[in-house]
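Colleague: Let chain F serve as the given structure and place chain R on it in line with the hints.
There are 2 protein chains.
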Amino acid sequence: METSGNFFVALQQKLKIKPQNKRVYKEAFTHSSVNQKTAAGYPLNFERLEYLGDAILNSIIAEFLYHYFPNAKEGSLTKLRAKIVSRSKLNEIGKELELYSIAEISNHHNAFGDNIHGNLLESLIGALFIDKGYDKTKRYVMDTIIMPFIPIESLDSLILSYKALLIEWGQKNKTPVAFETNQDKGLDPNVNYSCQIHYQKKCIAKAKSSSKKKAEEKAAKIAVRALKINPKVE
Amino acid sequence: METSGNFFVALQQKLKIKPQNKRVYKEAFTHSSVNQKTAAGYPLNFERLEYLGDAILNSIIAEFLYHYFPNAKEGSLTKLRAKIVSRSKLNEIGKELELYSIAEISNHHNAFGDNIHGNLLESLIGALFIDKGYDKTKRYVMDTIIMPFIPIESLDSLILSYKALLIEWGQKNKTPVAFETNQDKGLDPNVNYSCQIHYQKKCIAKAKSSSKKKAEEKAAKIAVRALKINPKVE
Chain F
1 METSGNFFVA LQQKLKIKPQ NKRVYKEAFT HSSVNQKTAA GYPLNFERLE
51 YLGDAILNSI IAEFLYHYFP NAKEGSLTKL RAKIVSRSKL NEIGKELELY
101 SIAEISNHHN AFGDNIHGNL LESLIGALFI DKGYDKTKRY VMDTIIMPFI
151 PIESLDSLIL SYKALLIEWG QKNKTPVAFE TNQDKGLDPN VNYSCQIHYQ
201 KKCIAKAKSS SKKKAEEKAA KIAVRALKIN PKVE
Chain R
1 METSGNFFVA LQQKLKIKPQ NKRVYKEAFT HSSVNQKTAA GYPLNFERLE
51 YLGDAILNSI IAEFLYHYFP NAKEGSLTKL RAKIVSRSKL NEIGKELELY
101 SIAEISNHHN AFGDNIHGNL LESLIGALFI DKGYDKTKRY VMDTIIMPFI
151 PIESLDSLIL SYKALLIEWG QKNKTPVAFE TNQDKGLDPN VNYSCQIHYQ
201 KKCIAKAKSS SKKKAEEKAA KIAVRALKIN PKVE
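Chains as they are written, first to last, in our numbering: chain F, 1 to 234; chain R, 1 to 234.
Simulated from the structure, these hints should not be mistaken for laboratory data.
Cβ atoms here follow ideal geometry from the backbone N, Cα and C, with glycine treated the same way.
Careful: at least some of the hints might be erroneous.
Stated by the list, open to error - Here are the computed distance ranges between Cβ atoms for each label pair:
(1) F:136 with R:191: 38 to 46 Å
(2) F:12 with R:190: 58 to 66 Å
(3) R:78 with F:148: 23 to 31 Å
(4) F:178 with R:78: 46 to 54 Å
(5) F:92 with R:41: 33 to 41 Å
(6) F:185 with R:100: 45 to 53 Å
(7) F:23 with R:107: 51 to 59 Å
(8) R:211 with F:96: 45 to 53 Å
(9) F:148 with R:96: 39 to 47 Å
(10) F:42 with R:203: 22 to 30 Å
One chain only, chain F, in its complex shape:
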């Protein structure tokens, strides 16, 4: 358990947070096991801030994905968000930030399971939001929590449709990318479709698979890599 002085030093040095409302950060790092109470006798621990932080984090990620994948459908955005803010991912990030080491917990040797790390991460986000508002919290979450732990390449690999990305890229650059997909009759039914992708009169990628869609995605992925296309926010 840290003393109050050490706690605010750690907040500033490890987490780069300069608190205005100090009380709310103390609350964010107080576990129910400490059994702390408000003046009116109600439980005082990080659970209410965790509830708030969970909602704010969901909004921040929703906004980020909305802009980052301007053509993705609503269902895909929902799936992507679920991957990014999965319980295991939040636990991993909270652990990496060593939030547990500055938390007030009645017995640090107790096993609270891995969820304590993700819960502290959410309550920290809740405290930031109360202290600094939505926009500053978004910047902090993107810079400190998302970008270092969810790198561009990992999102890249979550691209929803390489074919769509490729066609859009071709239209934007006014150099169309052409897909030629054929059914290979009489061959192995497991690799029954082949796709070739043409760009500037050259075949830049080809692939085979069990469906038209799969063959096209497989070839498009190769082409996206070959053309070094990056689905950056604009």
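Modeller: Relative to chain F, chain R alone:
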């Protein structure tokens, strides 16, 4: 279907919105049945904004409840939010705001079910957020969407514990409220507990019920009404 001119007049007159980013409001009111496409050939309709608006609305309500019920536990806040932003409630509000009448839908005589109203409400919130940011969207949502449709009395009736409210009120006003609860032996087991509440040496409420907790809540509710206590945000 409204022409573009009428659409922005309606937006301003009916919904009191002055758009900066006009395009995003058009998107928020375009149904997939219109089959509109972006320049790159992707579907253009309100579904992406609905996804974003859903997240933002959840954050706004989470923040509101966090402040409005400063002593409620995380589980209760979650339940309260679910009640406020239930599908049927959103549909009811969207219908009341007549969002459907300014939406672009391929065939207004088609039955899209009641969910269209709630979906349009969420996509409107998404558009507001893109156009005006979190804080202005929050103010709009509270003033135009929450307060007129989720009146204080309705939240009041969702109070989690009248007993807790009453005790806290007594502590704040330094005039304690005392609960006297007894088991009524030998009587009807369905009304086996009785509770009397004393305030300034007078009995201000009494109630009977099948459990200690129910009798106390029943009496506390009467006392809260009698003392005209309102769980306002501070």
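Colleague: Run every hint past the structure and note whether it holds.
Modeller: Consistency of the hints with the structure:
Distance hint for residue 136 of chain F and residue 191 of chain R: a CB-CB separation of about 55 Å, inconsistent with the stated range 38 to 46 Å. Here the CB-CB span from residue 12 of chain F to residue 190 of chain R is close to 60 Å, well matched to the stated 58 to 66 Å. In this structure, residue 78 of chain R and residue 148 of chain F meet the distance hint of 23 to 31 Å, their C-beta atoms being roughly 30 Å apart. The given range of 46 to 54 Å is respected by residue 178 of chain F and residue 78 of chain R, whose C-beta atoms sit roughly 51 Å from each other.
For residue 92 of chain F and residue 41 of chain R, the Cβ-Cβ distance of about 38 Å falls inside the hinted range of 33 to 41 Å, so the restraint holds. At about 51 Å, the beta-carbon gap between residue 185 of chain F and residue 100 of chain R stays in the expected band of 45 to 53 Å. Under the hint 51 to 59 Å, the C-beta atoms of residue 23 of chain F and residue 107 of chain R, about 56 Å apart, fit the expected range. For the pair residue 211 of chain R and residue 96 of chain F, the beta carbons lie near 47 Å from each other, so the given range of 45 to 53 Å is met.
Between residue 148 of chain F and residue 96 of chain R the beta carbons are some 45 Å apart, a value that agrees with the proposed interval 39 to 47 Å. The hint said 22 to 30 Å for the Cβ distance between residue 42 of chain F and residue 203 of chain R, and at roughly 26 Å that hint holds.
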